[in-house]
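Enquirer: Protein sequences, first through last, are from chains Y and V.
Every letter in the first sequence is one number past the one before it in my numbering, and letter 96, counting from 1, is 96.
Here my numbering = 1-based position in the second sequence + 221.
One thing to keep in mind: the hints can contain errors.
Stated by the list, open to error - Below, a list of computed lysine to aspartate or glutamate pairs in the DMTMM-like style, where the Cα atoms sit at most 20 angstroms apart:
no.	chain 1	residue 1	chain 2	residue 2
1	V	268	V	242
2	Y	94	V	431
3	Y	83	V	239
What the hints assert, rightly or not - Some chain V residues near chain Y, calculated using beta-carbon distances under 10 angstroms:
no.	residue
4	265
5	267
6	270
7	295
8	391
9	428
10	445
11	455
12	462
13	466
Stated by the list, open to error - Far from chain Y, by Cβ distances over 10 angstroms, these chain V residues were calculated:
no.	residue
14	224
15	253
16	260
17	278
18	324
19	335
20	373
21	383
22	392
23	413
Please keep in mind that the hints were generated in silico from the structure rather than gathered at the bench.
As the structure is a computational prediction, the values presented were derived from the model and not from experiment.
All C-beta atoms, glycine included, are put in the ideal place defined by N, C-alpha and C.
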Amino acid sequence: MAKSALLKSSIAKKVAMALSGLFLILFLAQHFFINSTSVFSPDTFNSISHFMGNNPLVQFVIQPILIVGVIFHFVMGFVLDFKNRSARPINYIKNNGAANSSWASRNMIVSGAVVLAFILLHFYDFWVPEMVYKYVEVNPLNETRYFAELTHKFVSPVRTGIYCVSFLLLSLHLWHGFNSSFQSVGFNNKYSRSLHTLGYAFAIVVPFGFIFIALFHHFNH
Amino acid sequence: MKLTLKIWRQKNAKAKGEIVEYPLDGIEEDMSFLEMLDVLNEGLINKGDLPVSFDHDCREGICGSCSLYINGEAHGPDRGVPTCQLHMRMFKDGDTIYIEPFRAKAFPVIKDLVVDRSAFDRIQHAGGFVSINTSGKPTDANAIPIPKHDADRAFDAATCIGCGACVASCKNSSAMLFVSAKVSQYALLPQGKVEAADRVLNMVAQMDAEGFGNCTNTGACEVECPKGISLENIARMNREYLSASLKG
Ligand code: HEM
Ligand code: SF4
Ligand code: FES
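Only chain V is shown next, with the shape it has when bound in the complex (with noise of 0.2 angstroms):
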């Protein structure tokens, strides 16, 4: 495949950025997204260009660190994907490709496609956790019953991979679906209950803290989110924080 791409370089948090264009060939369909940056960069080095930067871990799904927004989408036109399990199949040959950073003022780009997202550490240090000591004893866990279909959308929440998608995808950069999936994996069951009102209102409060805007339920997030966390939690967290504010 012969592609074209117009990827945002920016050398640093302050410099000013712009769109620079790269032809590529000899690219594969059964290639990943991000192997086809690979051959860009490798390129790139060969030239003695500096390579462009972009986040990437696991390359399987499982840990969140990939981004980037291809041709107008958060982790491009698949579905159900984040950016490494993206493939080059989903494009054409002869294909222009825009590739930017995510884009929100709680997410600010450090180098080229790479941004902060540490406004959703924050978030998760202001509540999304159970206060519970390891007793070393599993068996305790195990003992207390929960219904099924508590668990599996408890577990459903707790699939989010925090990669910001919501967000960048969002039209108002709001982290209400990143924020809801986290407090919602542990207000549905009963080891997060006991905590339940104070993390909510502490992670809404971080959340706005963090300069993300107010959701006006467009639903995007919900689409582009690569582990389909449902606009249910939004609606769960509204009700779990209404009735959190209203109790104290």
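Chain Y with its partners taken away, still in its complex shape (with noise of 0.2 angstroms):
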């Protein structure tokens, strides 16, 4: 067969998907990890935040390599969701998805429609201004102001509700995508059941640790 059909093939789309959705949720678990340093230590926050934003490995390799994947993951997920769409021109008068699927999995487009707007406020209010600070201004380096910019940021109650409300549809997102990457993948045998629990918990406590943190910079502001 050739390669170029393979491309094109359902299967490899729904597998890229997969894999591009679950190089996201490392891409989470890390940022997860350094955020949640601010609520303990601001010192270990900043020293973290100074590697992450100077070491040129993270900068001009991994940095690229991600939003790659994110345009990737948000460009097919609208691309399968038209496809999917059109799959049905005349839709049913009376369904009823409730009675055989969870609501977070037939809206992942939904959710992960409120997730782009949040990835793209997101952009504007940490990474053009680091991008600004570090590559067009050449400010010196500051190894610690990072802290100081995080709380900056909570101060607002409509951004941190923003914050809180995106978080709420990322674990919607998760709680269906997680386990579904690895269904895409091919992976369905007799540890399912655990991954699922694992995939259930992270979709939990990821988000919603997330948005602990921002409240807790909202309030001890």
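Taking the hints as your guide, dock the two standalone chains into a single complex.
Expert: Shown next, in the form of structure tokens:
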């Protein structure tokens, strides 16, 4: 079979979607770990942030891969959603989706779109100023600015609110997505049950952990 | 029982269909759903109206002919049975019941509630078989030892009756549960392993060409499948597909 046919096949797209999703889960896990240090130790948070922000491997290899990964994931998500909708040109007049599947699984495009909007805001909030600070204005290194920048963003109740709502939807996205991605890559065996428990735990602990961190800084400012 | 039926009526493949309301009285709890439709049709014929067309054959859950999307679910609200084994005791006196055809681009409506499911036949033709000549000596097949565990799982996959409820229930109109059952029932057995790689590549290519959507693992198909075909089969098909494409 020609390789081009492989890349066009439904299963290849599904696997690519799953791999990009799993990659984003890894990213999320490390981001969560770093943010959580801000609750316990501003110094640790500053030094890890400084390392991540100035290490050439992170800045010029991992960061571009991440950006490509995010773009691939949501573009593919929109493409698949469009194709899947057009596979049923006439809809049911009465459809009882709740009888056989979870809301989260049927609305990945909705939770995904909210998360995308959040990612854009997040870029505008943190990433763009960071890039301007480092590479446009070329400011001198300051190893202790990160914690203050972080807490400053959580002063606004509106921002903190948007942050919390977005992570609620991320939780729903992961509630289905975590386990779905293993099924997509063909992993379904006697370990799946334990893995499902882990998936549901991740979908709750990480997003709600992010929410906790946001509220913590909002109320401790 | 007294019922209000809201049924999709459509003259032919090209016509624009619509929901038509039919009041119906005198339905017994122990009638099957299709017998209830027979009663409706008798009344329509006596009045000189066209009866409602719907697919059925064996009426005992083995042929896969019956379909129908009943109150928002393929094969109705009961579990583990196709429409022909659905009974009126699942409904209450005074209920309104919506009856629609299975919907998918790959399953176009022919008339009323009858849809064209020949896309499934074409997928089967693309690889759902084992090319072995029958020798007239069934002992040959029996001489191949097959672990009980594999035999059971192959048999479970082989119970798929090709009804298409998986496609109808899936928000993406994906045919993955059906195709994966057909791929699995052979891939698990030594006789089927010989052609396993070609089979999965060809059947998936045909599935895509028919215009079915892509699986997003909502699991709706497994819940609505009258034969309880498991999502494990889809994971197996994904593995088979990946290893087959990487090999060649
Ligand atoms: C940190 C952010 C995100 C993470 C961790 C994440 C994770 C995942 C995972 C693990 C899956 C399951 C893949 C599978 O079923 O095989 C998934 C599916 C999906 N994601 Fe995301 N995602 C994120 C952001 C987004 C964004 C921004 C969108 C934008 C629209 C999006 C749209 C989708 C869609 C539509 C699906 C379902 C597609 C399918 O199953 O075929 N996701 N995501
Ligand atoms: S997998 Fe189940 S729902 Fe799908 S065609 Fe086979 S029997 Fe019908
Ligand atoms: S009529 Fe044969 S399975 Fe329902």
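Enquirer: Okay, which hints does this one fail, numbers in order?
Expert: 2, 3, 4, 5, 6, 18, 22
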